[in-house]
Amino acid sequence: MTTPRADAETLPAAGLRQPLGAPRLRRTVRQRLLSHPLAVASAALLLALALLVLAVPLIGMALGVDSETPNLLTRMQAPSSAHWLGTDELGRDLLMRLLEGGRVSLGIGLIIAVAAAVIGTLIGLTAGYFGGRTDALLMRLTDGIIALPRLPLLIVLAALDVTKLGLPEQWAHSPLLGFWRIAVIITLVGWTTVARLVRGATLSLREREFVRAALALGARPARIMFVHILPNLAGPIIVATTLSVGNIILAESVLSFLGFGIQPPMASWGNMLTNAQEMMWSAPMLAVWPGVLIFATVISCNFLGDGLQDALDPRA
Amino acid sequence: MTRFILQRLAETLLVLLLMSFVIYGLIGLMPGDPIDLMLTADPKLTTADVARLKALQGLDQPLVDRYVHWLSAALQGDFGYSRSQSLPVWQVVVPRLWNTILLMGLSLVIALAIAIPAGVQAAARPGSLTDNLINLSAFAGMSVPLFWLAILMLMLFSVHLRVLPASGTFSVGADGIADRARHLIMPVLSLTLVTVGAHLRYVRSAMTEALRQDFIRTAQAKGVSRGRLLYGHALRNAMIPFVTVLALEFGTLFSGALIVEQIFAYLGMGKTIYDAVAGNDYNLAMVSLLLSTAVVLLSNLAADLAYAWLDPRITYR
Chain R
455 MTTPRADAET LPAAGLRQPL GAPRLRRTVR QRLLSHPLAV ASAALLLALA
505 LLVLAVPLIG MALGVDSETP NLLTRMQAPS SAHWLGTDEL GRDLLMRLLE
555 GGRVSLGIGL IIAVAAAVIG TLIGLTAGYF GGRTDALLMR LTDGIIALPR
605 LPLLIVLAAL DVTKLGLPEQ WAHSPLLGFW RIAVIITLVG WTTVARLVRG
655 ATLSLREREF VRAALALGAR PARIMFVHIL PNLAGPIIVA TTLSVGNIIL
705 AESVLSFLGF GIQPPMASWG NMLTNAQEMM WSAPMLAVWP GVLIFATVIS
755 CNFLGDGLQD ALDPRA
Chain F
52 MTRFILQRLA ETLLVLLLMS FVIYGLIGLM PGDPIDLMLT ADPKLTTADV
102 ARLKALQGLD QPLVDRYVHW LSAALQGDFG YSRSQSLPVW QVVVPRLWNT
152 ILLMGLSLVI ALAIAIPAGV QAAARPGSLT DNLINLSAFA GMSVPLFWLA
202 ILMLMLFSVH LRVLPASGTF SVGADGIADR ARHLIMPVLS LTLVTVGAHL
252 RYVRSAMTEA LRQDFIRTAQ AKGVSRGRLL YGHALRNAMI PFVTVLALEF
302 GTLFSGALIV EQIFAYLGMG KTIYDAVAGN DYNLAMVSLL LSTAVVLLSN
352 LAADLAYAWL DPRITYR
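Heads up: the sequence lines are chains R and F, in that order. Throughout the first sequence, residue numbering follows the working numbering, covering 455 to 770 in sequence. Throughout the second sequence, residue numbering follows the working numbering, covering 52 to 368 in sequence.
These are computed hints drawn from the structure, not numbers from a lab. Using N, Cα and C, we set each Cβ at its ideal position, and we do this for glycine too. Keep in mind that the hints are not guaranteed to be accurate.
To be verified - Now the in silico label distances, taken between C-beta atoms and shown as ranges:
1) F:D362 / R:A590: 14 to 24 Å
2) F:G219 / R:I513: 36 to 46 Å
3) R:S628 / F:L88: 24 to 34 Å
4) R:E522 / F:R287: 54 to 64 Å
5) F:D265 / R:A590: 33 to 43 Å
6) F:L207 / R:I513: 31 to 41 Å
7) F:L207 / R:T617: 39 to 49 Å
8) F:R268 / R:V510: 54 to 64 Å
9) F:I152 / R:R481: 49 to 59 Å
10) R:G672 / F:A329: 57 to 67 Å
11) R:A502 / F:D265: 46 to 56 Å
12) R:S628 / F:D111: 27 to 37 Å
As the list claims (entries may be wrong) - Derived DSBU-like pairs: lysine-lysine, alpha-carbon spacing no greater than 35 Å straight-line:
13) F:K95 / F:K105
14) R:K618 / F:K105
15) F:K95 / R:K618
Please put together the full structure from these sequences, using the hints given.
Right, dumping it as structure tokens:
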């Protein structure tokens, strides 16, 4: 097979000469990360946002507002002491909607990122360790998925009638279906980055002395993959997963915006913008806030991922 | 070389064939079917009528049989009728395909025209103010949600300044290039802004790698001018890894085109896919999905061939 593609992913892992858990390395990594002001600020912002969205019920009680009760008498109000950011097109408190939406968007971002990292790691380890035909087949699949136009496929997957797949009727009407459907379909196409990364690194690691030593001692493939190789890949996997959270939040928000993702009345930053285009004449701020939050969250994930990369892999 | 091209072309066609089956299966899982839609339009149809119509359309056959039937018709140029447009699917799709290729092509060219010089400058002075500013804007471009950026641009240029048309591919009555161009400005600009960041970072890292090579030091020692060093020696080598990753960006570019087409009501393939899926226009959805997959796969192929052409070290069996 003549695939003229350089394996850029083989490089990062080779830089880690010591497992992540070693105390001296851990200290160096922390120091390097702290010397990256944007990454530190991003981590702080993400942490603050996570605490805020977890505290939504408390905040709602304290302010005496919730995100669900529509009130047609108070539609599209300007910010006031009762509604700090004003109200939306159905008279619901905008701040509470934004926090609820953040809960959904951040939750989806984390769940999918972890699920995709697990799947990608398993596939990458298998392909890289066993090599040969297994590797060729799995990497063909991975490259194929990477090459496809992603959004059109996600739209079709999101439009599928789940009852035709044999799922029970009451499932199809449950409000949580939108949430889990998005989680599953983005995971289906999202594991490829980690898989390529892990596969590339495994290819070089399996030739190293400590792996050969383990092999000579009679360790089984599963033990070598998970006990000997995997710990060496912790750094690159953490970096790739952090970077993927941002992309996943973007994908979720665009699907929800287009009406194929999280379904109202459940709030997500994406579906809060669905109606914004029609209301940009009358209530422009409704279109501004959700976007600002998506932007801030995604750029923070990217800065943090970049900082982690510098900290964990100083050669890059 | 010819053999390599033929082999890659055959592979691409095989993937496309595989994808046509996957897409066919997925479309079959979309809500309802053509007869259900007739039923909602005409409640007088009986269950027996429905069964007879389904048999007539072959909808009672197994998936593989229906697929083979579809494929043999498609290979003879019959892609069926679009329910929503009342036109043969092919006639709906072809002009829209050109609209999308125009949108994607313009935006790619502009993005590269920005990303290559800026990435070279950033890599030439790592850690400088220019490098940091370029890096920051690349991150901003990669992180901004495209649909939100497009809405903000609409608010600025169409609502407040009233200088650009809010939607459409052309104005009714007005004809000519200037009108088409005015409708293209915002879609192209927004698509460029969100794709340029990734290109910038790729160019920068490929250039950084290239500038570390020994031949750069040699060239420098020989007294080669700065511009020639950067663009003649380093960039030529940096283009090789860059083209590889560029191939992976076509899918992203198409996804972006879908978003801007939807927001600016620009009649391209992306909007066609969206409308066809949302409106249960099965034939149109099938062909437009397959065609956009083909466009993306062929762009990948082109990038692979460019890679082979750029790197003389690679020999092909």
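Here is how each hint holds up against the structure:
Taking 14 to 24 Å as the suggested C-beta distance range, the pair D362 (chain F) and A590 (chain R) conforms, at roughly 22 Å. Between G219 (chain F) and I513 (chain R), the C-beta spacing of about 43 Å keeps the proposed range 36 to 46 Å intact. For S628 (chain R) paired with L88 (chain F), a C-beta distance near 26 Å keeps the hint of 24 to 34 Å intact. Our hint of 54 to 64 Å for E522 (chain R) and R287 (chain F) holds, since their Cβ atoms are close to 60 Å apart.
Separated by about 34 Å at the C-beta atoms, D265 (chain F) and A590 (chain R) satisfy the suggested range of 33 to 43 Å. For the hinted restraint 31 to 41 Å between L207 (chain F) and I513 (chain R), the CB-CB distance of approximately 33 Å keeps it satisfied. Checking the proposed 39 to 49 Å range against L207 (chain F) and T617 (chain R) shows it holds: the Cβ atoms sit about 44 Å from each other. Here the CB-CB span from R268 (chain F) to V510 (chain R) is close to 58 Å, well matched to the stated 54 to 64 Å.
The beta-carbon spacing between I152 (chain F) and R481 (chain R), approximately 54 Å, falls within the hinted interval of 49 to 59 Å. For G672 (chain R) paired with A329 (chain F), a C-beta distance near 58 Å keeps the hint of 57 to 67 Å intact. Against the hinted window of 46 to 56 Å, the Cβ-Cβ separation of A502 (chain R) and D265 (chain F) comes to about 48 Å, which satisfies the hint. Restraint check, S628 (chain R) to D111 (chain F): a C-beta distance of roughly 31 Å satisfies the suggested window 27 to 37 Å.
With a C-alpha separation of about 16 Å, the suggested pair K95 (chain F) and K105 (chain F) falls inside the 35 Å cut-off, and the hint holds. Note on K618 (chain R) and K105 (chain F): the hinted pairing holds, with a Cα-Cα distance of about 17 Å set against a maximum of 35 Å. Between the alpha carbons of K95 (chain F) and K618 (chain R) the distance comes to roughly 25 Å, so the proposed pair stays at or under 35 Å and holds.
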